[in-house]
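Asker: Construct the entire structure; sequences and hints are all you get.
Start counting the sequence shown at 2; every next residue gets the next number (our numbering).
You may find that some hints are simply not true.
Taking lysine-lysine and the DSS-like style, the derived pairs with C-alpha atoms no more than 27 Å apart in a straight line are [as the list claims (entries may be wrong)]:
| hint | residue 1 | residue 2 |
| --- | --- | --- |
| 1 | Lys-62 | Lys-73 |
| 2 | Lys-23 | Lys-73 |
| 3 | Lys-85 | Lys-33 |
| 4 | Lys-62 | Lys-113 |
| 5 | Lys-60 | Lys-73 |
| 6 | Lys-36 | Lys-84 |
| 7 | Lys-33 | Lys-62 |
| 8 | Lys-84 | Lys-31 |
| 9 | Lys-111 | Lys-73 |
| 10 | Lys-31 | Lys-62 |
| 11 | Lys-111 | Lys-62 |
| 12 | Lys-73 | Lys-89 |
| 13 | Lys-84 | Lys-23 |
| 14 | Lys-73 | Lys-113 |
| 15 | Lys-84 | Lys-62 |
| 16 | Lys-23 | Lys-60 |
| 17 | Lys-85 | Lys-31 |
| 18 | Lys-84 | Lys-111 |
| 19 | Lys-60 | Lys-89 |
| 20 | Lys-85 | Lys-60 |
| 21 | Lys-85 | Lys-111 |
| 22 | Lys-84 | Lys-33 |
| 23 | Lys-60 | Lys-31 |
| 24 | Lys-36 | Lys-62 |
| 25 | Lys-89 | Lys-62 |
| 26 | Lys-33 | Lys-23 |
| 27 | Lys-33 | Lys-89 |
Now the in silico label distances, taken between C-beta atoms and shown as ranges [said to hold, decoys possible]:
| hint | residue 1 | residue 2 | range |
| --- | --- | --- | --- |
| 28 | Leu-109 | Asn-46 | 32 to 40 Å |
| 29 | Phe-47 | Phe-77 | 23 to 31 Å |
| 30 | Tyr-26 | Glu-90 | 17 to 25 Å |
| 31 | Lys-84 | Ser-106 | 36 to 44 Å |
| 32 | Leu-74 | Asn-28 | 18 to 26 Å |
| 33 | Tyr-43 | Lys-89 | 16 to 24 Å |
| 34 | Asn-63 | Thr-107 | 40 to 48 Å |
| 35 | Ala-108 | Ile-13 | 39 to 47 Å |
Please keep in mind that the hints were generated in silico from the structure rather than gathered at the bench. Built from N, CA and C at the ideal position, the CB exists for glycine as well.
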Amino acid sequence: PTGGVTLLSPFISTNNNLFVCKEIYMNSLKNKLSKTLDSYLYDINFIEHNHDPSTLIYKVKNGEGHSLFSSKLAQFYNLNGIKKTPIKEFNKNLIVYHDAADLNSTALLKIKQILNDFI
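Answerer: Below you can see the structure in the form of structure tokens.
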């Protein structure tokens with residue numbers, strides 16, 4: 002598990018939409034998020050997406066919903082109209098798919114380091 006996450010929300014929230022990336026473990030993720038975020042968002046309406054971070058930030062800023070970013074990544078976005086709430090109770094798991102035969106290869110270790118630096 003990696004560090005906590007930050008909930009990004011519009012300053013004036015009119016809904017409980019939560020953008021979540023489409024993935025194969027979606028039902029498990031929704032269950033975990035519902036329990037973890039119950040004191041922040043009630044009756045969450047999950048919206049599955051494939052947006053890049055900039056598009057997602059734009060949607061949050063326009064009041065279309067909320068989003069979770071890694072705490073490190075959320076530090077890069079300081080925009081007016083977006084409220085940041087640290088969620089320390091939630092530790093995310095990072096899954097990386099690869100076809101490397103050697104798990105200790107230089108390239109794979111470098112990718113792991115980059116991911117740890119930014120996620």
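Asker: Would the hint linking Lys-36 and Lys-62 be met if the CA-CA limit is 27 Å?
Answerer: Status holds; Cα separation ~25 Å.
Asker: Would you mind confirming whether the straight-line C-alpha gap from Lys-89 to Lys-62 stays at or under 27 Å?
Answerer: holds (23 Å)
Asker: Hint check: Lys-23 vs Lys-60, CA-CA at most 27 Å. Holds or violated?
Answerer: holds (17 Å)
Asker: Does the alpha-carbon distance linking Lys-85 and Lys-31 stay inside the 27 Å limit?
Answerer: holds (20 Å)
Asker: Checking one constraint from the list: CA of Lys-84 to CA of Lys-33, max 27 Å. Satisfied?
Answerer: With Cα atoms ~22 Å apart, Lys-84 and Lys-33 stay inside 27 Å; holds.
Asker: Starting from Lys-73, check that the Cα of Lys-113 is at most 27 Å away, please.
Answerer: Cα-Cα ~15 Å, so holds.
Asker: Holds or violated: the 39 to 47 Å window for the beta-carbon distance between Ala-108 and Ile-13?
Answerer: holds (46 Å)
Asker: For the pair supplied as a hint, Lys-85 and Lys-60, is the alpha-carbon distance within the 27 Å limit?
Answerer: holds (15 Å)
Asker: Is it true that the C-beta distance of Phe-47 to Phe-77 lies inside 23 to 31 Å, as the hint says?
Answerer: holds (24 Å)
Asker: Please verify whether Lys-111 and Lys-62 have alpha carbons no more than 27 Å apart.
Answerer: violated (34 Å)
Asker: Between the alpha carbons of Lys-62 and Lys-73, is the straight-line distance 27 Å or under?
Answerer: holds (19 Å)
Asker: Cβ-Cβ distance between Tyr-43 and Lys-89: within 16 to 24 Å?
Answerer: holds (20 Å)
Violated hints, in rising order: 4, 11, 18, 21; the structure is consistent with all others.
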